[in-house]
Amino acid sequence: MTSQIRPRPEPRLRRRSGGKVIAGVCGGVADHLDVSVFRVRVVFVVLAALAGAGVLAYALLWFFCPAGDDTAPAEPRERRQAYGLVVIGVMALIGNLIVASSAPAQSFLAVLFVLGGAALVWREADVTGLSTGRSRLLTWSRLILGALFVIGGLVVMVAAPDTPLAGMNPILLAVLVTIVGGVLLTVPVWMRMLRALNEERAARIRTDEREEIASHLHDSVLQTLALIQKQASNPDTVARLARSQERELRQWLFGDQARPNESLAAAISAVAVEVEETYGPEIETVTVGDVTADELRDPARARAWGALVAATREALVNAAKHSGASTIDVYCEVVDDEVEVFVRDRGVGFDVDAVDPDRQGVARSIRGRMERAGGRARVTSTPGRGTNVALTLPRTAELTERPADPRPENDQEIA
Amino acid sequence: MSEYRLFLVDDHGVFRSGVRAELAGEDGLEVVGDAGTVPEAIAQITATRPDVVLLDVHMPGGGGVAVLRGVTDALGSEAPVFLALSVSDAATDVIATIRAGARGYVTKTIDGKELADAVRRVAEGDAVFSPRLAGFVLDSFTGKSAVPEPHLDPELDSLTKRELEVLRLLARGYTYREIAEELFISVKTVETHASNVLRKTQQSNRNALTRWAVNRQLG
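Residue numbers (full-length UniProt numbering), protein chains in the order written: chain A, 1 to 415; chain B, 1 to 219.
Worth flagging that the hints you see were computed from the coordinates, not collected in a lab.
Careful: at least some of the hints might be erroneous.
[Claimed, not checked] Computed spacing ranges between beta-carbons, pair by pair:
# : chain 1 : residue 1 : chain 2 : residue 2 : range
1 : B       : Gln202    : A       : Val189    : 52 to 62 Å
2 : B       : Ala47     : A       : Trp140    : 48 to 58 Å
3 : B       : Ala21     : A       : Ser215    : 30 to 40 Å
4 : A       : Gly306    : B       : Asp27     : 47 to 57 Å
5 : B       : Gln202    : A       : Gln81     : 48 to 58 Å
6 : B       : Val32     : A       : Glu338    : 41 to 51 Å
[What the hints assert, rightly or not] From the structure, some residues in chain B lie toward chain A, with a derived Cβ separation under 10 Å:
#  : residue
7  : Thr109
8  : Lys113
9  : Asp117
10 : Pro131
11 : Arg132
12 : Ala134
13 : Gly135
14 : Leu138
15 : Thr142
16 : Arg172
17 : Tyr174
Owing to the predicted nature of the structure, the values given are computational and were not obtained by experimental measurement.
Quick reminder that beta carbons are idealized off the backbone N, C-alpha and C, glycines included.
Chain A with its partners taken away, still in its complex shape:
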């Protein structure tokens, strides 16, 4: 059994991990869109100047994109360039705030401290956990510094005498500020929890799927294998069990096959499977092309199709019962104006001219059926080399209720 499941290429946006300057968002976007990272950064800076949209976009992408697995650090030159752009972006943001409102510069500074502090904390305690690879002292000092910035900024915002918030109840204000500060500082922790939750759900789905596969294998493959072990002395049964299991498993693995009432190819295959399971010889079915489901359901012709499938079955049963061959080949081809089915075995064969009436009757039942359906049947056989049955049905033929064919029997060809 070979697996049909391949990992899909993942089109997800991932932040740069090793090559990050702040959070790797711009790098990730650049990798995703296959453009230069510098351009992406410039776009974010320009957006930052538009009422801070770039900053908001950056923060959101930071939250919602998983970190990538790259390890190469950014080049010093790129890093310096990026820091320059960050400064420009921050200045653009300040300019924006000053233009947009009339609040004093003190408040902006506080806002900047809060944002900067939050960025510092988020960067250190990223959603993937505390940054590694650097000294813990540095990490912790940055975390503490970031927290101090956030708290300090918030305190300044609240305590400043001419702030817009000054009119509020001081206790309420204190509570509000504490909550805001707490949320800002713990965002990485929340994100990490959210992600862990998602991963757990994915793992559970995987486990469920695995269990479903296991139970299917238990019900089918393992049962069959147990049967095969018990029947080890009977090679025919073993082969039959193995084949039917193989077919069933393949159907399960490779998805829905066309249904026999909507596809001639499927109908022929189904008949072959049925005969194989009843009589034992291996039947290799090859189909080329197919008729449309509409054509197959057309009430005027439905019985002609039925006759073709029934004649195929008859030929297969004959070959299975009388030829003694271990394999039978079935070939069905749909061409522009007709359908051809060939059933062939390499068994004992028979002399078509000198057949006993019993088999002659069988040959006629195939031929009679095909001719009433507007088609033809041709049986060729050579003693010792096997039998060929060729069935031909025009795609426009209708079943006529003629009486059985009155022609003489000796029109059979001999190979």
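Since chain A is already given, all that's left is putting chain B on it; use the hints.
Coordinates of chain B only, in the frame set by chain A:
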């Protein structure tokens, strides 16, 4: 009879040892190695230089096609011939492997003697069609597609009447000898037709070849 060196590539160890056991009694064939992964296969085939590689179509890490490409890139015209060996239903993979340059395709239910014959035939430069492969190829060459085909090469993108006849008989399960008798031509001529069909399958521009296989997979 000359001695052919054979290499097995299959991700199932049990299957590899089964093939080894089946071919052990065959004269003129020597299994010189086997591999279960794509990189291992490429490295070992490049090192051992076998005559024929028996290639599993469906493997993790790119499958038979990846092995074929890797070995052909490394050895160029010195590369061994490849015979695809498949569990038969994944038409997409089979067609892809044939198009990547495999000289034939047989199913895993083939018995040891037939397999040995198939190996000898590809080693001698012949093409090996199982009825199912013949069906796949016929389907893709005769499939009437509604979409116009760009860049049709009339020589490559159609089969001659004789080639079609040979292919149909192959799909019906005839051996080369039986086809030769049926069409009153020599076995050598049948081989030539089969090789031409394989060459056209590998070189043809027909998108239908791939598209058909994809449709078949979904249907």
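Hint check results:
At roughly 58 Å, the beta carbons of Gln202 (chain B) and Val189 (chain A) sit within the given window of 52 to 62 Å. Checked against the hint of 48 to 58 Å, the pair Ala47 (chain B) and Trp140 (chain A) passes, with Cβ atoms roughly 54 Å apart. The beta-carbon spacing between Ala21 (chain B) and Ser215 (chain A), approximately 33 Å, falls within the hinted interval of 30 to 40 Å. For Gly306 (chain A) and Asp27 (chain B), the Cβ-Cβ distance of about 51 Å falls inside the hinted range of 47 to 57 Å, so the restraint holds.
The given range of 48 to 58 Å is respected by Gln202 (chain B) and Gln81 (chain A), whose C-beta atoms sit roughly 51 Å from each other. Here the CB-CB span from Val32 (chain B) to Glu338 (chain A) is close to 50 Å, well matched to the stated 41 to 51 Å. Residue-level restraint check for Thr109 (chain B) holds (minimum Cβ-Cβ distance to chain A is 8 Å; threshold 10 Å). Taking 10 Å as the C-beta contact cut-off toward chain A, the hint placing Lys113 (chain B) at the interface is violated, the least distance being around 14 Å.
Given the 10 Å rule on beta carbons, the hint for Asp117 (chain B) is violated: about 16 Å separates it from the nearest Cβ of chain A. At its closest, the beta carbon of Pro131 (chain B) sits 5 Å from a beta carbon of chain A; the interface hint therefore holds under the 10 Å criterion. For Arg132 (chain B), the interface hint holds, since its Cβ comes within 10 Å of a Cβ in chain A; the closest pair sits about 6 Å apart. At a threshold of 10 Å, the smallest CB-CB gap from Ala134 (chain B) to chain A is about 7 Å, leaving the interface hint in force.
Look at Gly135 (chain B): its Cβ gets to within about 4 Å of chain A, closer than 10 Å, so that hint holds up. The restraint placing Leu138 (chain B) at the interface with chain A holds, with a minimum CB-CB distance near 5 Å, inside the 10 Å limit. The interface hint given for Thr142 (chain B) is met, as the beta carbon of that residue sits about 7 Å from the closest beta carbon of chain A, less than 10 Å. The beta carbon of Arg172 (chain B) is positioned within 10 Å of a beta carbon in chain A (closest approach about 4 Å), and the interface hint is therefore held.
For Tyr174 (chain B), the shortest C-beta to C-beta distance to chain A is roughly 8 Å, which falls under 10 Å, so the interface hint holds.
Checked against the numbered hints given earlier, this structure breaks hints 8, 9; the rest are met.
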